Every structure is written in structure tokens, then in C-alpha cells.
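Given next are the chains, with one letter for each unit.
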Amino acid sequence: MHSDIQKSVYKDTISPLISAVFKGVSQVIFIENAFTGLLITIAIMFSSVSLGIIALLSSLIAVLVGKLGGANRTLINQGLLGYNSVLAGVAISLNLQGGTRFVIAMAGAVVAALFTCAIMQLMEHLNVPALTFPFIILTWFLLLASYRLGVFRLNPNLTPQDLSHLDLHFEGTMNWIEGTVSGVGQVFFQDTFWSGILILIGIFWAGWKLGLYAVLGSVVAMLTAYFLGAEVSMLNSGLYGFNAVLTMLAVGVVFDAKSRFAPITGIIAAIVSVPVTASVTTWMMPYGLPTLTMPFVLSTWLFLAARKALPNI
Amino acid sequence: MHSDIQKSVYKDTISPLISAVFKGVSQVIFIENAFTGLLITIAIMFSSVSLGIIALLSSLIAVLVGKLGGANRTLINQGLLGYNSVLAGVAISLNLQGGTRFVIAMAGAVVAALFTCAIMQLMEHLNVPALTFPFIILTWFLLLASYRLGVFRLNPNLTPQDLSHLDLHFEGTMNWIEGTVSGVGQVFFQDTFWSGILILIGIFWAGWKLGLYAVLGSVVAMLTAYFLGAEVSMLNSGLYGFNAVLTMLAVGVVFDAKSRFAPITGIIAAIVSVPVTASVTTWMMPYGLPTLTMPFVLSTWLFLAARKALPNI
Amino acid sequence: MHSDIQKSVYKDTISPLISAVFKGVSQVIFIENAFTGLLITIAIMFSSVSLGIIALLSSLIAVLVGKLGGANRTLINQGLLGYNSVLAGVAISLNLQGGTRFVIAMAGAVVAALFTCAIMQLMEHLNVPALTFPFIILTWFLLLASYRLGVFRLNPNLTPQDLSHLDLHFEGTMNWIEGTVSGVGQVFFQDTFWSGILILIGIFWAGWKLGLYAVLGSVVAMLTAYFLGAEVSMLNSGLYGFNAVLTMLAVGVVFDAKSRFAPITGIIAAIVSVPVTASVTTWMMPYGLPTLTMPFVLSTWLFLAARKALPNI
Numbered sequence: 001m002h003s004d005i006q007k008s009v010y011k012d013t014i015s016p017l018i019s020a021v022f023k024g025v026s027q028v029i030f031i032e033n034a035f036t037g038l039l040i041t042i043a044i045m046f047s048s049v050s051l052g053i054i055a056l057l058s059s060l061i062a063v064l065v066g067k068l069g070g071a072n073r074t075l076i077n078q079g080l081l082g083y084n085s086v087l088a089g090v091a092i093s094l095n096l097q098g099g100t101r102f103v104i105a106m107a108g109a110v111v112a113a114l115f116t117c118a119i120m121q122l123m124e125h126l127n128v129p130a131l132t133f134p135f136i137i138l139t140w141f142l143l144l145a146s147y148r149l150g151v152f153r154l155n156p157n158l159t160p161q162d163l164s165h166l167d168l169h170f171e172g173t174m175n176w177i178e179g180t181v182s183g184v185g186q187v188f189f190q191d192t193f194w195s196g197i198l199i200l201i202g203i204f205w206a207g208w209k210l211g212l213y214a215v216l217g218s219v220v221a222m223l224t225a226y227f228l229g230a231e232v233s234m235l236n237s238g239l240y241g242f243n244a245v246l247t248m249l250a251v252g253v254v255f256d257a258k259s260r261f262a263p264i265t266g267i268i269a270a271i272v273s274v275p276v277t278a279s280v281t282t283w284m285m286p287y288g289l290p291t292l293t294m295p296f297v298l299s300t301w302l303f304l305a306a307r308k309a310l311p312n313i
Numbered sequence: 001m002h003s004d005i006q007k008s009v010y011k012d013t014i015s016p017l018i019s020a021v022f023k024g025v026s027q028v029i030f031i032e033n034a035f036t037g038l039l040i041t042i043a044i045m046f047s048s049v050s051l052g053i054i055a056l057l058s059s060l061i062a063v064l065v066g067k068l069g070g071a072n073r074t075l076i077n078q079g080l081l082g083y084n085s086v087l088a089g090v091a092i093s094l095n096l097q098g099g100t101r102f103v104i105a106m107a108g109a110v111v112a113a114l115f116t117c118a119i120m121q122l123m124e125h126l127n128v129p130a131l132t133f134p135f136i137i138l139t140w141f142l143l144l145a146s147y148r149l150g151v152f153r154l155n156p157n158l159t160p161q162d163l164s165h166l167d168l169h170f171e172g173t174m175n176w177i178e179g180t181v182s183g184v185g186q187v188f189f190q191d192t193f194w195s196g197i198l199i200l201i202g203i204f205w206a207g208w209k210l211g212l213y214a215v216l217g218s219v220v221a222m223l224t225a226y227f228l229g230a231e232v233s234m235l236n237s238g239l240y241g242f243n244a245v246l247t248m249l250a251v252g253v254v255f256d257a258k259s260r261f262a263p264i265t266g267i268i269a270a271i272v273s274v275p276v277t278a279s280v281t282t283w284m285m286p287y288g289l290p291t292l293t294m295p296f297v298l299s300t301w302l303f304l305a306a307r308k309a310l311p312n313i
Numbered sequence: 001m002h003s004d005i006q007k008s009v010y011k012d013t014i015s016p017l018i019s020a021v022f023k024g025v026s027q028v029i030f031i032e033n034a035f036t037g038l039l040i041t042i043a044i045m046f047s048s049v050s051l052g053i054i055a056l057l058s059s060l061i062a063v064l065v066g067k068l069g070g071a072n073r074t075l076i077n078q079g080l081l082g083y084n085s086v087l088a089g090v091a092i093s094l095n096l097q098g099g100t101r102f103v104i105a106m107a108g109a110v111v112a113a114l115f116t117c118a119i120m121q122l123m124e125h126l127n128v129p130a131l132t133f134p135f136i137i138l139t140w141f142l143l144l145a146s147y148r149l150g151v152f153r154l155n156p157n158l159t160p161q162d163l164s165h166l167d168l169h170f171e172g173t174m175n176w177i178e179g180t181v182s183g184v185g186q187v188f189f190q191d192t193f194w195s196g197i198l199i200l201i202g203i204f205w206a207g208w209k210l211g212l213y214a215v216l217g218s219v220v221a222m223l224t225a226y227f228l229g230a231e232v233s234m235l236n237s238g239l240y241g242f243n244a245v246l247t248m249l250a251v252g253v254v255f256d257a258k259s260r261f262a263p264i265t266g267i268i269a270a271i272v273s274v275p276v277t278a279s280v281t282t283w284m285m286p287y288g289l290p291t292l293t294m295p296f297v298l299s300t301w302l303f304l305a306a307r308k309a310l311p312n313i
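Residue numbers (the working numbering), protein chains in the order written: chain G, 1 to 313; chain S, 1 to 313; chain X, 1 to 313.
So here's chain G without its partners, still in its complex pose (with noise of 0.2 angstroms):
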């Protein structure tokens, strides 16, 4: 009997959990599927263990912040309330420093999810998802509060810069094979190949179609943002890439892609996320703040509601 209660209390309680907690990771590349969050998980922790650490935390933060607010328990154990908080906790963590940006991570990780359920509330009429929006302006707000606050840290790497000094360095050799993988990888903030190789494995492990349109999806920003002559080493560590391949996947496969033509409209959103990452990053560049996914976010949102007027794309 107590060996029962165990069971039931495991197959009732931690293993949905844990299994809302791995699909928060994996939902932030728009895949339900734990194992698949297991393997982005561990490609974090090839980086760093502790990255990894936080995304599961982060993630387990927004399924605890829905269960305790009542939030409806589909949307929670498909981790569509986590990946947001996954991606504040990853971020914060790599854009502060100091030991006190953990606990900035868990607190960013409880207002991601609160966010994310605010947005998709007021985004219901637009039938229009929420994306990583709440994750984008969480992260930029708390980036900016560490001007003015000393307990938040700013990685001495985000400097705002004037933009009449710019100083960009056009040359440099391509690196296309890590460019590409790297494109794919830096949707988790990783431009390590190998991490790039594992992601990827853990999208094809979801759906060769996924892992397939994710590749296609940084070639073609790395062929787009090339001949556009965009900075090399921006290139080759795949700062144009995650937000193409991210595009690519929810205008040409998850998002009312049933038009035949929803592969091609894909491509085009991809290739459109690459002028628009180069606007977004010289947006923010007197903020000295990164880019993130916002070329994703208004790429998606543009084609997506585009194809509600216009059935055939």
C-alpha cells in the first residue's frame, strides 16, 4: 500500500512536474517535449552548470507561480508558462554580475511568468501569441535598473554607445558551419559548437521537420545578413542566426502555417528578421542593451497577422 500512495503520488504530482518543467525549456524553441528540454538543458550546462541550474529553477518558478495563482493547468504543464522564465533567469544571470544576479534570476524568473500570463491575457483579442515578448522587455527593464541601483551589477560588456562613433569591424573570415550551428544554439545564449550540435539534436529528436527548418533557418540568415554586409564576427558567433531560425520555425511550421506556401512565407520572415535584427541592436545600442529575441518577436508578429488579411501566405 505505502509503495502505492508513493507511486500515485509520483505519477500524480512530480512527474507532471518535472515534465512541465523540461517542456518550460523546450517551449521556448515552441516544442512540448521534456526530453527534448532534458538535452537543451545539458547543452546549457556544457557552458556552465550552474547556467543550466538556473533555466530549471526558472522554469520550476513559473509552474509553482501558476499553480499557486490558479493559472489553468494545460497551459502549465505544457511549460507554456515557464519559457519565459526560463530564457530571464538564463539572461540576467549572463548580463549581471556578482553573486547577488542569482537571486535577481529567480526574482526576474517569478515577474517572467506573471508577465507571461498578463500578455497572453491582453494579446487574446489580437490572436496573436505572446512569443518571448514578456522575457525581452523583463530583461531590458532590469538591465536599465542597474544604472541606477548598486545592487545590480551590469556585465562591463554592455556599453552604450553614441551611434555617430561607431565603431563596427566589417572584415574577418566567415566561419559558416559554426555560424550555422551557432545560429541555432544562441537561441540558449550558446556559441559553443557542440552545445549548437546538442540543441539541435534535441529539435530533430522533436520532429526531423523542426530540426530541419531550424537549420534552413540560420543558413538562411547567415546567406542573408552576408550579402547585406553585416559584421563578420556577428556572423560567425550567430548573433543574426537564432532570431531567423526562431522566425522560421513559428511563421513556416507552428503557427496557422497551413497555407502550402507556409515554408516559403517562413523563409521570407526569415530573411526579414535580418535587417530587422540590425535595426533592433542599433536601437539599443544608446541603451547599451543586447538584442535578445525582439527581431524575432516583431518578424513573427508582422507575418502572422499579415496572413490573417492574406490567406495564401
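In short, the hints are calculated from the structure, not lab data.
One copy or two, it doesn't matter: identical chains are merged, so the pair holds either way.
No farther apart than 25 angstroms at their CA atoms in a straight line, the calculated lysine-lysine pairs in the DSS-like style are these:
1. Lys-11 with Lys-67
2. Lys-258 with Lys-67
3. Lys-258 with Lys-209
4. Lys-67 with Lys-7
From a predicted model like this one, the values you see are computed outputs, not experimental measurements.
Starting from the known structure of chain G, arrange chains S and X on it as the hints suggest.
Positioned in the frame of chain G, the structure of chains S and X alone reads:
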């Protein structure tokens, strides 16, 4: 007979007009109470008689705009068309210089009333209140306009600052009592002790619970900002407090606060408003714009929208 | 028979296509009239033949995007899908340099058409028109992108300016007639007298009332900007006027102008658009971006949304 007609004119026209004008002042802090409005007006007159008159004239202008425009009578009589005009009139008078600023303030009050109607209309579907959003955007735009229009003379305190050359002062002696009282007073741009006390009396007059929450909001802001390492001078003059006071009242008591955990949610929202205050302050620095009540608006929208998906908070 | 088929092809396909293309040009100024579109195109060709061709090609591209995408036929035929593409194509050609800018302009026209569909869809619930919002955001983003992409070469006129070191020129001789005419011409980026006159003739052709309001809007802007102390050079080249002209027409005549006070509301809206022009100009200065028609969009949204709550205005 003659005196009867006079009485009836008074009862039907002048009395509700005066009531609406003072309620326009009290609605800044979510209170529909003419006497509270009167106390707040006196508190403003403590620091400047003309500023108090501006507040009342702005409120009157909003009522007239509503009446001429054919707005819903209940909205007008509750002072809900006026609070943005009151804040705009006062903020413009304080942030511009020269005699023309009073004319600009009155024109600003007209536009603030129109803007309030517009935002109420646009946000109807979202089931989230307009709050002081119209006042903030209007005031920011007017101050920005002063860089290009000779007649608008900006207060020299408002200097654009480059984020890469910040000059902050973290040292100083905390003044907990004055800071807490100023946190309430700053809702109406008042940083003197007795003005704050009088405004607080006005709030308690409308309901002891509101008064208690206002004080609690200000204390929460002081503590949070202190532990996050905010500038002491900003803390002592209540500049972190007023957004927390408004957020606490809005989330904890006023809007949709049905859950028994609403007061706790209010406290959390007040805490969140502190880093948001730091963020908005940084965001506006390159433009030399004051933060105003934007942190309150953003924090309150966040929690009110989240509450729709999380009924327990 | 052969000639009959030819005629029918012409009548069914080519004629409505040509009509839709020219209406795309005239819809910039709320007019559905192919001949007005033709006159405006000629006016643009006065200053640059290639620019006129760009305008027509951009309009054609929008029609094709609509047809391929399966958009509502009425929208396409009325030119409502095209006006943002026309403006985007022209603005991109004017604000970038080098031969590649024409390719970028055409790509911009495609995205502008998609963006127009998207915004129409997203704003449906709000009962407020999309206006030229898609054009503005698209053009700003493209210009921002040029800071990071070598292929995009920004016109050197567009230099980011620090608000703390502004260099304004208030002195100069007012040129009332030219300023007023340019205020109309600048709707299509034309600041020469005869282009403005020809555009004005096009507007009068579509309706004398529209022509009259356009002139009135420009005069109101000149007077308001003059008394508010605007830079004379900006006034003389119509840079305060074109937003007022569009605002006057939109609020005073075109959208929901049922009240008999609508013309007066239009005048007030045109007056308000002047400080808003100053504000947006300041706001964009650190990014070196042109103001475009954002002041018109913001002022018009303000008054159209307010009108829903204030039926008399």
C-alpha cells in the same frame, strides 16, 4: 421663488460642477471624494498657491471638455475625466519656465482630457484601466517639444544625460520618516513634510484602509529601494515611493482585488515598482525627461492583467 | 473576336490594375481617385523621374502582394493596400544612397504591404484606422538597420544628434506662401512650389472641400508653429505643415466626421499636430531619424479615439 430658482441652479449645476472638479483632484489617487480633493488642493497650495489654482482649473477644464464633447455624465461627475488633466496641468507648470507655461498648462489640460477619453476607449477591450498613461505621454511629449519650440522654456533641472557618463550619488543619510511621507506627497509632486501629511489625511478621510495602504506602499518602497542600493537623495525625497504608493493601492485595493491574497499581491507589486522606477528613470535619461508615474502604470498593468489568468493573486 | 478578348482582358485585368496602382498613390492623402494619383505622380516626377517610377512600382508591388496573398479584392482595388508601400518606396529612395537603394526600396514596398495587412488586422477591434503607421515604423527600422549593414548606405543628412548639444536656427524670413504650398507637397516629400501646386490641384480634383481643408491645415500649421516659436527654415520648407494637412483631412472630413463641429475639431487637431511634430522630431534626434508622418498618426488616433467617447466633437 427667485431664491428657489437660484437654489435649484446651485443644486443642479454649480454643486455637481464643484464636486466634479474636486473629485478630479482626488481621483489621481483613486478616490471619489470632493473633500479629499479639497484637502489635496490645500496641500498643493502649501508649496504654491498658483499651483493649487492650476490644479483646480485643469480639473475644471476637463469637466468642460467632457460636457461640451457630450461625454458620459457619470464619468464626468466622478472626476474620471479630470485626474489626467490635473496632473498634466501641475506637471507642465513645474517643468516649464516663464509666464507662457500657464497657458501651455491649460492647453495641456484640454488635450489630457481628450487623451483620457481616447485611451479609455482604446483600452476598453483589454479590461485594464487607463490609469495615468495619458498624463505621462502628454507631459513627455510637451517637454520634448520644448527642444524645438522657442515659446516652451524647459526647466533647467531637466538635462539630458548620456548613460555612459552617469553621475550618481549613493552616499547620504537616510531619512526614513520624511522619505515615507514624501512618497505619498510626491503623487502630487509635493516633497515637503506637511503637504505629504495633509494629503495623507485626505486619503485617510476617504477610508482608513486606503490611508494604511498608502503608508505601507511608501514604507515598502523605502525598504526595497534601500536594500537594492538606490540613491539616498532620491529615497529621501520620496522619488521611489509615489509609484509604489499608487501601485499598492491599485493592485491591493482598488481594481479587481477580490482574492484574499490581494493585499499581498499589492505589496509584491509595490516592490516590483521600485526596480521599474529605476528602469524608467534610466530609459528617460538621454531625453532629460522626468519618470512621472510610468512605473506605477506599467507595474499595475502587469499585475492586473496577470490577475485575469491567475485568479488567486 | 480577337479584339473583343483583348478588350475584355483590358477591362477585367489591366484597367483595374492601373486604377489600383494610381489609387495607391492618391490614398496617401485619403483619396480614392486614379486621376488624382496620376497628378501626384507627375508632381513627384517634377523633382525626380525615377522617384515617380519608384512610387508607381511600389504601388504595383502592393497590388501584387495583395493578389498573390489572397487579400480582399475591394481593399486592393481601392488602393488601400498600396499607400504605405508608395510612401516607403519613396522615403527609402530619398534617405538611402547608392544604386542598391532602389532594390531595398522595392523590398521595402513588399514588406510595407504585408505590414499594412498586419496592422489593419491588429487594429480591427479598436475601430481606429491604421493610417501610415506601417510606413513609418518600416522606414525607421530600415534606416536604423543601415548602421549595421554595409549594403544600406544612409543619406549623410541623417546624423544622430545629442539633445544636450542642439544646434537650432530660429532666425530667418518667413515665406508664408511657399511654406503653405510646401506643407501640402511634403506629404509626398516634395518641397518645390510647383510640385506642391500640382498635388493641390490633384486634391481639389477629387473634391473642392478636401482641397480647401488641405490648404487650411497647412495655414493653421504655419500660424501655430510661428507663434510657438518654431525654426523658420522648417516652417518655410513645409516640415510642420504636412502632418497638419493630413490630420486636418483625417479628423475634419474623412473619418467619422459626423458632428457639425467636426471641421473645428479638425482645426484643433491640426494645431495639436504642431507641438507633436516638435516632440517626435526631438524624440528621433538621437537616432538621426526623420519625423515622417508619425505626428499625423498620433494626433489623428488621439482625436478619432476621443471622438468615440465625445460624440459632439
